[in-house]
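Trainee: Sequence:
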Amino acid sequence: MKARTLLLAAAAALLWHAPAFAQQSVEERLLNMEKRIRQLEERVSAQDKVIVEKDKQISRLTGGDKWFEAVEIGGAIDIRGIVTDPPGGDNETDLVVDSVELGIGAQVNDWVSGEVVLLYEGEGVDVDTATVTIGPPEGAWSLTGGQLYVPFGVYETNLISDPLTLDIGETRQTAFQIDGSAGALSGSVFVFKGDNMEDGDNLIQGFGFAAGYSVETGSFELGLNLSYTNDLGDSDGLEVEGAEGYDRVAGISASAMLTIGSISVLGEYLGAMDTFGADYVAFGDYGAKPSAWMLEAAYGFELAGKEATLAASYQTTDEALALELPKKRFLLGLSAEVMDGVSLGVEWARDTDYGVEDGGSGENTDTFTLQLAAEF
Numbered sequence: 000m001k002a003r004t005l006l007l008a009a010a011a012a013l014l015w016h017a018p019a020f021a022q023q024s025v026e027e028r029l030l031n032m033e034k035r036i037r038q039l040e041e042r043v044s045a046q047d048k049v050i051v052e053k054d055k056q057i058s059r060l061t062g063g064d065k066w067f068e069a070v071e072i073g074g075a076i077d078i079r080g081i082v083t084d085p086p087g088g089d090n091e092t093d094l095v096v097d098s099v100e101l102g103i104g105a106q107v108n109d110w111v112s113g114e115v116v117l118l119y120e121g122e123g124v125d126v127d128t129a130t131v132t133i134g135p136p137e138g139a140w141s142l143t144g145g146q147l148y149v150p151f152g153v154y155e156t157n158l159i160s161d162p163l164t165l166d167i168g169e170t171r172q173t174a175f176q177i178d179g180s181a182g183a184l185s186g187s188v189f190v191f192k193g194d195n196m197e198d199g200d201n202l203i204q205g206f207g208f209a210a211g212y213s214v215e216t217g218s219f220e221l222g223l224n225l226s227y228t229n230d231l232g233d234s235d236g237l238e239v240e241g242a243e244g245y246d247r248v249a250g251i252s253a254s255a256m257l258t259i260g261s262i263s264v265l266g267e268y269l270g271a272m273d274t275f276g277a278d279y280v281a282f283g284d285y286g287a288k289p290s291a292w293m294l295e296a297a298y299g300f301e302l303a304g305k306e307a308t309l310a311a312s313y314q315t316t317d318e319a320l321a322l323e324l325p326k327k328r329f330l331l332g333l334s335a336e337v338m339d340g341v342s343l344g345v346e347w348a349r350d351t352d353y354g355v356e357d358g359g360s361g362e363n364t365d366t367f368t369l370q371l372a373a374e375f
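For the sequence shown, position 60 (counting from the first letter as 1) is numbered 59 according to numbering that gives the first Met the number 0, and the numbering increases by one without interruption.
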């Protein structure tokens, strides 16, 4: 269509200037025609560019590239009723909003996304995490920076209560983290400054890694994970405030999860690889080497047409009395989806304190929890 228009324009020009053309040679006429055609092509090309730019502007205003279409908002509300039966005392009851979580994520462009999570746990609203992630679309690697939970430990559970491994190892820091995957294998490395300054040096000294293997075939699923941090004292549970004379104590975590049909079994170990100084984490008159492990079994089924899970777990700690953790914990729980995004759960937990010889009481505490949770 464009070529036809140019030819018509050229023909019209020839007719208009016929007297002048009669005085020109054939070569001069051809050169003038070519020059005129080039001018017309340049004009059409410029007009096309203007039209394309205007189309882009209109698309940004009225089309599918609206900014709010790249933003996602989600959250969770956890309400609990609790009955506690302490040793040698009357029952205690409580009704609490255990946590409220609100997350905002945005896809800045094909390579960059950002996320902020606000968390309320009874003492004001905090910025729980705030991260920027860079990586290719559908790519096998990514770089994340900001305030985040480093990939040390897994902490999976089907129960209401967090596992004791989380109480020792969960670590939130301002960090940089690189993630990668290849088939069934995945891995991460991370660095963070932390709160502990070894030898008083104000430097970025924290680091660690995580490696995982997972395979899923039909109703069979297997997952294995191993992770390491060079300073377990920077975890949220220990909160060791290192000063002059502080020596970092590394931590290690290993976990496995197996699912066959409706039955799943998972286990995790997490602990210090050396002994803390007695001035920082003590056990009796000596430095502590805290650790925990857990074993959990769960069965998924339908209850009144809704998904439900029955789970039981046995957990223990070692040299963790200073962290106010029990020596042993046994849990039994049932949870069910009552409607889309809403679940109801009940749980019984029995904590057994460390023995008198270790500085504890050796007595049991029973806790019954009813949970109503909603996710959106």
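Hints were generated in silico from the structure; no laboratory data involved. Be aware that a few hints might be false.
To be verified - 16 Å max Cα-Cα, derived EDC-like pairs, lysine to aspartate or glutamate:
| hint | residue 1 | residue 2 |
| --- | --- | --- |
| 1 | K327 | D317 |
| 2 | K192 | D235 |
| 3 | K327 | D365 |
| 4 | K326 | E362 |
| 5 | K327 | D357 |
| 6 | K288 | D317 |
| 7 | K288 | D278 |
| 8 | K326 | E301 |
| 9 | K305 | E336 |
| 10 | K305 | D339 |
| 11 | K327 | D161 |
| 12 | K192 | D161 |
| 13 | K326 | D365 |
| 14 | K326 | D357 |
| 15 | K327 | D352 |
Said to hold, decoys possible - Derived CB-CB ranges, DEER-like:
| hint | residue 1 | residue 2 | range |
| --- | --- | --- | --- |
| 16 | G144 | G361 | 44 to 50 Å |
| 17 | A75 | Y298 | 34 to 40 Å |
| 18 | D109 | G361 | 58 to 64 Å |
| 19 | G182 | G144 | 22 to 28 Å |
| 20 | I203 | N90 | 25 to 31 Å |
For each residue, glycine too, the CB sits at the ideal point set by N, CA and C.
Trainee: Broken hints, numbered, in rising order?
Mentor: 8, 12, 17, 20
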